[in-house]
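Asks: Spelled out from the first residue to the last, the chains are:
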Amino acid sequence: GAVVSQHPSWVICKSGTSVKIECRSLDFQATTMFWYRQFPKQSLMLMATSNEGSKATYEQGVEKDKFLINHASLTLSTLTVTSAHPEDSSFYICSARTPLAGGPFTDTQYFGPGTRLTVL
Amino acid sequence: QKEVEQNSGPLSVPEGAIASLNCTYSDRVSQSFFWYRQYSGKSPELIMSIYSNGDKEDGRFTAQLNKASQYVSLLIRDSQPSDSATYLCAVKVPNAGKSTFGDGTTLTVKP
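First to last, the protein sequences are chains L and U.
Sequential numbering from 1 applies to the first sequence in my numbering.
Sequential numbering from 1 applies to the second sequence in my numbering.
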């Protein structure tokens with residue numbers, strides 16, 4: 001399967017600081033990447049869809065000025081949590097969509113390992 | 001009505017039994033269907049994809065798709081304690097950028 005990496009795997013920061021999370025597709029080019037957030041024992045929540053070279057599309061209720069997304073290349077997307085607060089503490093997971101794999105409708109989402117953010 | 005619905009569980013089966021996980025979806029034009037496994041504290045991992053009606057087998061896993069009934073299922077044969085996880089069903093319509101995920105079913109396999 002396709003490989004997606006994420007860095008860092010965990011981060012602890014003080015309230016008010018900004019944190020950047022990187023997501024890379026290692027063996028394929030991803031025109032579309034997604035950012036999810038997951039609180040303990042809760043469902044995945046899609047935050048935004050990131051398309052290479054264009055502005056990200058944010059889901060309803062997600063503050064675009066707080067969660068800055070940049071998809072500058074076909075293999076890299078970044079999420080920056082600006083002025084982080086304790087309520088932003090969560091598990092952030094990126095996902096990259098592969099190109100079609102030789103058949104219609106076969107583009108598939110693969111997930112990175114996630115970044116656990118703790119804001120003190 | 002949610003776009004993708006799964007029983008939240010928990011579903012508990014004894015070791016060696018067949019675990020059956022079910023998913024229904026609302027958009028009739030959906031063409032791509034996926035099952036992901038998520039262990040506690042980890043990110044989702046793709047385990048099966050299916051695009052045509054019928055069964056698709058991969059080792060101990062069988063995905064079943066019935067587009068007429070808008071139903072997709074995952075069977076796990078000879079369940080092992082290591083199969084204990086949350087299983088996410090995902091559905092995608094053509095030309096949509098993203099898959100829509102269900103909330104997941106938590107499976108516990110008891111030794």
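Worth flagging that the hints you see were computed from the coordinates, not collected in a lab.
Some hints could be false.
Said to hold, decoys possible - Below are the SDA-like pairs computed for lysine to any residue, each with C-alpha atoms no more than 20 Å apart in a straight line:
1. U/42 to L/3
2. U/98 to L/88
3. L/41 to L/88
As the list claims (entries may be wrong) - Computed far set for chain U versus chain L, every beta-carbon distance over 10 Å:
4. 41
5. 49
6. 88
Predicted model only: the values in this text are computed from it and were never measured.
Positions of the beta carbon are idealized from the N, C-alpha and C atoms, including for glycine.
Asks: Determine for every hint whether it applies to the structure shown.
Replies: Hint by hint, here is what the structure shows:
no.	hint	result
1	U/42 to L/3	15 Å, holds
2	U/98 to L/88	24 Å, violated
3	L/41 to L/88	16 Å, holds
4	41	8 Å, violated
5	49	6 Å, violated
6	88	7 Å, violated
Of the numbered hints stated above, those contradicted by the structure are hints 2, 4, 5, 6, listed in ascending order.
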